[in-house]
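> For the record, the sequence lines run as chains E and S. The numbering of the first sequence is the numbering used here, which starts it at 1 and goes up by one. The numbering of the second sequence is the numbering used here, which starts it at 1 and goes up by one.
A few of these clues could be false.
To be verified - Pair by pair, the computed Cβ-Cβ distance ranges are: (1) E:L29 - S:R105: 53 to 61 Å; (2) S:A58 - E:S188: 35 to 43 Å; (3) E:A105 - S:L171: 43 to 51 Å; (4) E:G145 - S:G40: 56 to 64 Å; (5) E:G191 - S:S39: 24 to 32 Å; (6) E:R195 - S:R105: 20 to 28 Å.
As the list claims (entries may be wrong) - Here are a few chain E residues that face chain S, going by a calculated C-beta distance under 10 Å: (7) G113; (8) A206; (9) R208; (10) D260; (11) A263; (12) N265.
As the list claims (entries may be wrong) - Below, in silico cross-link-like pairs of lysine-lysine (DSS-like), each with a Cα-Cα straight-line distance of 30 Å or less: (13) S:K178 - S:K168; (14) S:K178 - S:K114; (15) E:K198 - S:K114; (16) E:K198 - E:K108; (17) S:K178 - E:K198.
Hints listed in this document are in silico derivations from the structure and should not be mistaken for laboratory results. None of these values were measured; they are calculated from a predicted model. Cβ coordinates follow ideal geometry from the N, Cα and C atoms, glycine included.
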Amino acid sequence: MGRVEALTVVRPRRGWRPLLRRFVHVPLLAPAVGLSIAVFWTCMAVLVVMSVYPFLAAGTPRFTWAAWQRFLVDPYYWGVVGTTLRLAVVVTGLSLLIGYPAAYAISKIQRPGWALAAYVVLFAPILVSVVVRTYGWLLLLSNTGVVNYVLRALGLIREPIPLIFNTTGIVIAMVHILLPFAVFPILSVVGQLERDLKDAAMDLGATRWQTFRRVTLPLTLPGIIAGAQIVFTLTVSAFVTPFLMGGGKVQILSGLIYRDMEAVNLGFAAVVALVLLTLAAAILAASNLLARRTYSRAEVARA
Amino acid sequence: MDVDVELRDVSKHFGDVVAVDRISLQIRRGEFFSLLGPSGCGKTTTLRMIGGLEFPTAGQIVLRGAVVTDLPAYRRSTNMVFQHLALFPHLTVAENIAFGLRLRRLPPAVVARKVEQALQLVDLPGYGGREIHQLSGGQKQRVAIARALVNEPAVLLLDEPLGSLDLKLRLQMQSELKALQHQVGTTFVYVTHDQSEALVMSDRIAVMRAGRVEQVGTSQEIYARPQTRFVAAFIGEANFLEGRVVGAGPAGVLVRVGGLQFWAAGDGAPPEGSAVTVSIRPEHIKLGPAAGETQNRWEGRIRDVAFMGSVVRARVTIPGDVTVTAELPSDAMEGLMPGATILAGWSAHHSVVLAD
Chain E
1 MGRVEALTVV RPRRGWRPLL RRFVHVPLLA PAVGLSIAVF WTCMAVLVVM
51 SVYPFLAAGT PRFTWAAWQR FLVDPYYWGV VGTTLRLAVV VTGLSLLIGY
101 PAAYAISKIQ RPGWALAAYV VLFAPILVSV VVRTYGWLLL LSNTGVVNYV
151 LRALGLIREP IPLIFNTTGI VIAMVHILLP FAVFPILSVV GQLERDLKDA
201 AMDLGATRWQ TFRRVTLPLT LPGIIAGAQI VFTLTVSAFV TPFLMGGGKV
251 QILSGLIYRD MEAVNLGFAA VVALVLLTLA AAILAASNLL ARRTYSRAEV
301 ARA
Chain S
1 MDVDVELRDV SKHFGDVVAV DRISLQIRRG EFFSLLGPSG CGKTTTLRMI
51 GGLEFPTAGQ IVLRGAVVTD LPAYRRSTNM VFQHLALFPH LTVAENIAFG
101 LRLRRLPPAV VARKVEQALQ LVDLPGYGGR EIHQLSGGQK QRVAIARALV
151 NEPAVLLLDE PLGSLDLKLR LQMQSELKAL QHQVGTTFVY VTHDQSEALV
201 MSDRIAVMRA GRVEQVGTSQ EIYARPQTRF VAAFIGEANF LEGRVVGAGP
251 AGVLVRVGGL QFWAAGDGAP PEGSAVTVSI RPEHIKLGPA AGETQNRWEG
301 RIRDVAFMGS VVRARVTIPG DVTVTAELPS DAMEGLMPGA TILAGWSAHH
351 SVVLAD
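Only chain E is shown next, with the shape it has when bound in the complex:
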């Protein structure tokens, strides 16, 4: 019997069916790949070309490193890079700091109705346009806005605290807008954490804090890293909110691109865009390395 079965298995396949089976994924993948090539990679190529042939659009192509030189030599632009990264780090850090406890609490909600309510409260803002939400924050945080009004009414301050047209305003609005993106990946990991593991840690002598530090935190690290990556990437590339909340007083890379596009300074805009892309890619790659190390173990935890 076994022999007969073995023979059937090794019988060579003929015709077009095996071929079809082999390439069955091609039509499935084609739209996504096609779109990616047409839009993203073509644009990338155009950007690279434009950064060294700045007048391509005007019709007098001439190779030059001028735009790159200008960016790399001028300390002002490094300052902008620094501001951009600092903003992204602060927003990411605050989002995680607020998002982790929130995700943890939501995963603990027993009654389905309350869980749904928590989801709605947390995730509904995604449905509202970023522009609308940013203007909302402008209203709340301006010198005559609700926050300053209440603080003054309570007698806590005499002069209004400047909360818009500076980094503080950008951070507040960005954290609010990106918070769901931090909560969601953490929530999906926290929800899968076995209760038994925490019991085991406590049984072995760990207090609640030690249990969190030694068991819960390391096992939810993949979710934290995923959330951080999303928030970080969205912050470095954000334009609308920093532009409106910063009121032109806080310069970041995306604002720089906008300025140079407006000025038809396409070569320089291309350089800034490429720098931004490289920064984001480098940081993502680094965090992926970190993630892979923690994933391999945490994945098994869920198996």
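Fit chain S to the given chain E structure using the hints.
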């Protein structure tokens, strides 16, 4: 005899559900004590209350003479082996075992030595560097036991730790656990729903049902002298005969079942006329010449015979239309023919009067 764990009228309610209902137990130092019962009988909740992972709604828990009722798990000298083991997947075998020791801030050299000893104890020397997911089911089991025992707890709590293993490995781990307990001398409190597992390993067993303790005793006591029908049915198999008490004497209780009247053993004879159930183990029912030596014997008719490997089971109808199942060694199968007439009987002390 020193008592390591004492439960005094302990109850646990989850909302309206009564998981544990006023149970009192004394678990002696160094004994292998099992909480046995069907799922949902409250045995795991009881274990978790001893370990401080659950807190009683009422009652007291005493550990080595100290009341620990409301102390959290991390302040008790108990350690648990969890049903699903709950090994930390992000730590190696050695780190898992060292978890409790490091929390106690022992010097690294001491931790390393103790971890090595624990690995020796569970027969996994050299496995310290392995990842948890690289281990087999049986090896994980041993790591879980080592992780708990390395802390030298006063009491080791085990929550059906062998449940996920296949039969062969389970039997092997049973004898290893028993040997391990003998070697370290720690008090083991073992939760299981598997009666044979409890009988094999335990010094004493508490049979639980619906949040209450039905009977506490050694394996032999529980098996030979069950006090309730539930215990008799849950531990092994039994013939149950419904009858009435018609008299009492030094030999036991005189019971009438249908048309039969015989002597049975009973603790504290129930009053005459009360309805009782008599339990007789299948292997205590003798057939043929062997039945000649029993006090209670009748001519019966064999209804059917089932061959079960090392034993055979025969159902025999005795006068009064009472049918009992007898279990005998396979080599006694000769001559057991359905329809044949045969002598069937049992000794008075093998028929136990139960309280319902």
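> Of the numbered hints stated earlier in the document, which are not met by this structure?
7, 10, 11 and 12
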